[in-house]
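Asker: Residue numbers (our numbering), protein chains in the order written: chain A, 741 to 997; chain B, 419 to 744.
Keep in mind the hints are simulated off the structure, nothing from the lab.
Simulated coverage check for chain B against chain A, where a stretch passes if three residues somewhere in it have a Cβ under 8 Å from a Cβ of chain A: (1) 484–497; (2) 519–525; (3) 536–544.
Derived, one-sided and incomplete: chain B residues facing chain A with beta-carbon distance under 7 Å: (4) W439; (5) A510; (6) K513.
Just so you know, these numbers come straight off a predicted model, no measurement behind them.
Each residue gets a CB set at the ideal place from its N, CA and C atoms; glycine is no exception.
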Amino acid sequence: MFRKYMVLLRMKYVEMFAYQLATIVWVVGAMIQPLITMIVWMNIYPQESDSFVLYFTLLILVERMTSAWDVWELDREIREGTFSYHIVRPMHPIHWAIAENIIYKGLFLAVLLPIWIIVAFFVPALQPHMDWAQWGMFVVAILLGAAIRFLFSYTCGLLGFWVTKVSAIYGVFEAVSLFFSGRIAPLSLLPPVMQEISLYLPFRYMIGFPVEIATGAVTGEAVGFGFLGSAVWVSLLLMVLGLLWRAGLKKNQAVGG
Amino acid sequence: MSIQVNHLNKHFQVHVRQAGWADAVRSLFKREYKVVEAVKDVSFSIQPGEIVGFLGPNGAGKTTTMKMLAGLLHPTSGEIKVGGYVPFEQKADFKKMMSLVMGQKSQLIWDIPPMETFLVNKAIYEIDDSVFRHTLDELTELLELEPLLTRPTRNLSLGQRMKCELAAALLHRPKVLFLDEPTIGLDVHTQEKVRQFIAKYNREHKTTILLTSHYMGDVAALCDRVIIINHGKLLYDGGLQVLAEKLTPYKLLEVRIPTVPQMSWDEYGEVVEIDEGKIILRVQRDRIPEVSAKFLQNFEVHDLNIQDPPMEEVITLAFQEESHVS
Chain A
741 MFRKYMVLLR MKYVEMFAYQ LATIVWVVGA MIQPLITMIV WMNIYPQESD
791 SFVLYFTLLI LVERMTSAWD VWELDREIRE GTFSYHIVRP MHPIHWAIAE
841 NIIYKGLFLA VLLPIWIIVA FFVPALQPHM DWAQWGMFVV AILLGAAIRF
891 LFSYTCGLLG FWVTKVSAIY GVFEAVSLFF SGRIAPLSLL PPVMQEISLY
941 LPFRYMIGFP VEIATGAVTG EAVGFGFLGS AVWVSLLLMV LGLLWRAGLK
991 KNQAVGG
Chain B
419 MSIQVNHLNK HFQVHVRQAG WADAVRSLFK REYKVVEAVK DVSFSIQPGE
469 IVGFLGPNGA GKTTTMKMLA GLLHPTSGEI KVGGYVPFEQ KADFKKMMSL
519 VMGQKSQLIW DIPPMETFLV NKAIYEIDDS VFRHTLDELT ELLELEPLLT
569 RPTRNLSLGQ RMKCELAAAL LHRPKVLFLD EPTIGLDVHT QEKVRQFIAK
619 YNREHKTTIL LTSHYMGDVA ALCDRVIIIN HGKLLYDGGL QVLAEKLTPY
669 KLLEVRIPTV PQMSWDEYGE VVEIDEGKII LRVQRDRIPE VSAKFLQNFE
719 VHDLNIQDPP MEEVITLAFQ EESHVS
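Next up, chain A with everything else stripped away, as it sits in the complex (with noise of 0.2 Å):
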């Protein structure tokens, strides 16, 4: 598996390469958001205004690191028929989708990381408080939300197999969870009902606790309870996709041809 995954991922930094705009595009692309919203807050808060930067730009690089594109992938290829190539190769599609995220991430990271210990030497609202502890903490709160957002947009795509243009599904929940994944705004600034609800649905575990972790917001037994709910949300998407793959292929009409 591990030589196959090293092919893999030659393979899609290629591929990348052959996409040199669109990959420079979705790195900077992805900072205009969380910047003009940290705007707006530093707006409204001038006297918070330190705080505001770290957490969007945390934001940005969590937003990121467990960005999730599969679904656009699934129901195109599954409404186009290419997927058919998938299904016939004796490897699991999700592992080509799995590889994808690696690379893409690792650029972004690579990319990311210098510019931000450059400037945090001249800015230092950038620099974060973090001990060992809790820098451990914050990069397995990244990667659970990374599979959890990577699960669950994979789960909505095979939802491709009943529903063409499942994407369209995908972007309600993409809205939804603008909020509740402390995209918008710290969950803290959410009212106390929204918070509450936010603990248990998956967006939160997606974006918004990487980032209080490292802010420091969360604390304690909550940190406890975050990486509970981060692992029965991986748990549980995991199982959801098992049935739907299963199911999907039964229904699946592997169109075109």
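Got chain A sorted already, so can you dock chain B onto it with the hints?
Answerer: Relative to chain A, chain B alone:
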């Protein structure tokens, strides 16, 4: 590897709905279906190493049947065994011994050179380095791939791409090969090349091949045996030659004589074409010797040519006269 198909059925529930954003969401809650019987009680078997042509007009059910054989579609009922495997069980061993090429779909990764897809397939199918190199060399030579391997797939012409598709599908040396319209859209010259390649490959590797095609040329050149399917039902399974004799009980007799007299040709046969110095008649098969002799007796014959009716005509008849065939 042999193929066994018994009483195969496939019904599709076709989702009836209007296109659009709102309807995509609405269709989550309320759906309307129409059942289409794409394949109805089809049975046949194919021996190892055989090339069989799968014929039928558009929408006849041949591609659906082939997709069930490749494990892509779940049969509604009936039994399929390909090389001892049940295709839909999706066993890795099954997938490693078969391959599917769809003329209308590409397995090559679109924006990077074909070689990248080959390397991915090498890893996925767990092909040994030496076997891979040997197979690739052989395919490169047979299909003249050398200049194509390093160019992005999207920059290849349709014919060049199809050659690479065939190579990608054959790298793991499948025992069973499903070819769905492999020559569609290709020019005559490239069609011929692809045909020659398939014939040679089958001869040398004893691969079992099931082929669908719209081009009679493909089927006539490659397949001794054809399976004809229309409206989801099997109409004919047997030799191509036998079918022609059964459906078109005549041959075409082309005779060259210095001048073609104005006369009734009824006692010879049915006139297809009269030209200066040439006449083509449709003659009952059993009357061919008699009519030929009559020509030689009564005219100064320069040339006499007996031809089978064109295969297109045979197949068109087969589709029309379902009752005659079976």
